[in-house]
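Place chain B on chain A using the hints.
Respectively, the protein sequence lines represent chains A and B.
Here the first sequence stands for residues 1 to 192, where the numbers follow the working numbering.
Here the second sequence stands for residues 193 to 384, where the numbers follow the working numbering.
Treat the hints as calculated values from the structure; they're not laboratory data.
Source: prediction; values computed, not measured.
Be a bit skeptical, because a hint or two may be false.
What the hints assert, rightly or not - Quick list of in silico lysine-lysine cross-link-like pairs, PhoX-like style, CA-CA up to 25 Å:
{"hint": "1", "chain 1": "B", "residue 1": "Lys336", "chain 2": "A", "residue 2": "Lys191"}
{"hint": "2", "chain 1": "A", "residue 1": "Lys144", "chain 2": "B", "residue 2": "Lys247"}
{"hint": "3", "chain 1": "A", "residue 1": "Lys4", "chain 2": "B", "residue 2": "Lys383"}
{"hint": "4", "chain 1": "B", "residue 1": "Lys383", "chain 2": "B", "residue 2": "Lys324"}
{"hint": "5", "chain 1": "A", "residue 1": "Lys55", "chain 2": "B", "residue 2": "Lys324"}
{"hint": "6", "chain 1": "B", "residue 1": "Lys288", "chain 2": "B", "residue 2": "Lys324"}
{"hint": "7", "chain 1": "A", "residue 1": "Lys120", "chain 2": "B", "residue 2": "Lys336"}
Protein chains: 2
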Amino acid sequence: MADKIFVEVSARHLHVTKEDLETLFGPGAQLHYIRELSQPGEYLCEERVDVIGPKNTIARVSILGPCRPVTQIEVSATDARSLGIAAPVRASGDIKGSGAVKLRGPEGEVELDEGVIVAKRHIHTIPEDAEKFGVADGDVVGVKINTPDRSLIFGDVVVRVSPKFSTAMHIDTDESNAAGAAGELWGEIVKL
Amino acid sequence: MADKIFVEVSARHLHVTKEDLETLFGPGAQLHYIRELSQPGEYLCEERVDVIGPKNTIARVSILGPCRPVTQIEVSATDARSLGIAAPVRASGDIKGSGAVKLRGPEGEVELDEGVIVAKRHIHTIPEDAEKFGVADGDVVGVKINTPDRSLIFGDVVVRVSPKFSTAMHIDTDESNAAGAAGELWGEIVKL
Numbered sequence: 001m002a003d004k005i006f007v008e009v010s011a012r013h014l015h016v017t018k019e020d021l022e023t024l025f026g027p028g029a030q031l032h033y034i035r036e037l038s039q040p041g042e043y044l045c046e047e048r049v050d051v052i053g054p055k056n057t058i059a060r061v062s063i064l065g066p067c068r069p070v071t072q073i074e075v076s077a078t079d080a081r082s083l084g085i086a087a088p089v090r091a092s093g094d095i096k097g098s099g100a101v102k103l104r105g106p107e108g109e110v111e112l113d114e115g116v117i118v119a120k121r122h123i124h125t126i127p128e129d130a131e132k133f134g135v136a137d138g139d140v141v142g143v144k145i146n147t148p149d150r151s152l153i154f155g156d157v158v159v160r161v162s163p164k165f166s167t168a169m170h171i172d173t174d175e176s177n178a179a180g181a182a183g184e185l186w187g188e189i190v191k192l
Numbered sequence: 193m194a195d196k197i198f199v200e201v202s203a204r205h206l207h208v209t210k211e212d213l214e215t216l217f218g219p220g221a222q223l224h225y226i227r228e229l230s231q232p233g234e235y236l237c238e239e240r241v242d243v244i245g246p247k248n249t250i251a252r253v254s255i256l257g258p259c260r261p262v263t264q265i266e267v268s269a270t271d272a273r274s275l276g277i278a279a280p281v282r283a284s285g286d287i288k289g290s291g292a293v294k295l296r297g298p299e300g301e302v303e304l305d306e307g308v309i310v311a312k313r314h315i316h317t318i319p320e321d322a323e324k325f326g327v328a329d330g331d332v333v334g335v336k337i338n339t340p341d342r343s344l345i346f347g348d349v350v351v352r353v354s355p356k357f358s359t360a361m362h363i364d365t366d367e368s369n370a371a372g373a374a375g376e377l378w379g380e381i382v383k384l
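Excised from the complex, chain A in its bound form:
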């Protein structure tokens, strides 16, 4: 259990369906690749959209590619409050009854009844690393973060194991701020 896990901070972002992409950016629109993200196959795109809530708009939120079967917006709880919506803490893909919002692109708007979540913190890991860490798919563990002023132990960290992943923990900006993160961040998996 002594090995450290790399902790990545996810800024707010969207995943979009091909259909919503075309509504927002026009018929035949494609996502344009900027750079790869840590999870194999995922990439940051040039396309950005405004996320519009009843209270505020968050301008120019990044889309992550490729297109997905369902449009999903991942924001921090701070963002959700600013937008004026209720966004539940959920695993990616679990959007039933989640937050409602409007998306605005250069060519059109999409009104969503649901799709906005605050991501539940989690670990992606490959089988070899899972064995090293002593964890299995579906485990819920703690991750200890040491920083000069705001050390903490995150609980409720869900472990997902797949040979397709790259090993990293994902947290959002509220969580990294609560841990006083600055620069590269590593954690230690602990049983709580």
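The following block gives chain B in isolation, referenced to the frame of chain A:
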């Protein structure tokens, strides 16, 4: 150690000197009481000011009274990033070399070279409760928070004991979001 401590979430706010208050609100300006806060003698005021950073402005930030010897702005790390300033994690009052910002009131502006901090999480407690919790002034403890989706243990929690306090832990909005707080929040003091 089984007793729970009440955890309060501090939204962004300011403390101002009498001099800065007059610059912002005009000669002879006074703070107008709205309601008491948990720490005896502190109160929320009607007066609000805009906090202006190089990147963004946060409008209408609350002032807490009474006036203090030094003007201090307490924001979340999310706010600091939005303002476009570097604000260190500090105990209240420790503002040397902290973040710079401009304040704008209805009657004038104040340009501050320092004064913006992200509050270091802490516990205010009275001697009787300190004894019950098994802690002393200056101790650094952990506080365990249980919520449905984002349980965690805050480390680096400084304990301050005084008969003038009311017993409560103070965290900021990033920290309460990281803990998945909704409604009344209680924590358990633990040794880390």
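Status of the hints after comparison with the structure:
Distance hint between B:Lys336 and A:Lys191 is fulfilled; the C-alpha atoms sit about 14 Å from each other, no more than 25 Å. Taking the CA atoms of A:Lys144 and B:Lys247, the gap is near 33 Å; set against the 25 Å cutoff, the hint is violated. The suggested pairing of A:Lys4 with B:Lys383 holds, with an alpha-carbon distance near 22 Å, which does not exceed 25 Å. A threshold of 25 Å between alpha carbons decides the hint, and for B:Lys383 with B:Lys324 the separation of about 14 Å falls inside it, so the pair holds.
For the suggested pair A:Lys55 and B:Lys324, the alpha carbons sit about 44 Å apart, so the restraint of at most 25 Å is broken. With a C-alpha separation of about 35 Å, the suggested pairing of B:Lys288 with B:Lys324 is violated against the 25 Å cut-off. Restraint check for A:Lys120 and B:Lys336: satisfied, since their Cα atoms lie roughly 18 Å apart, inside the 25 Å limit.
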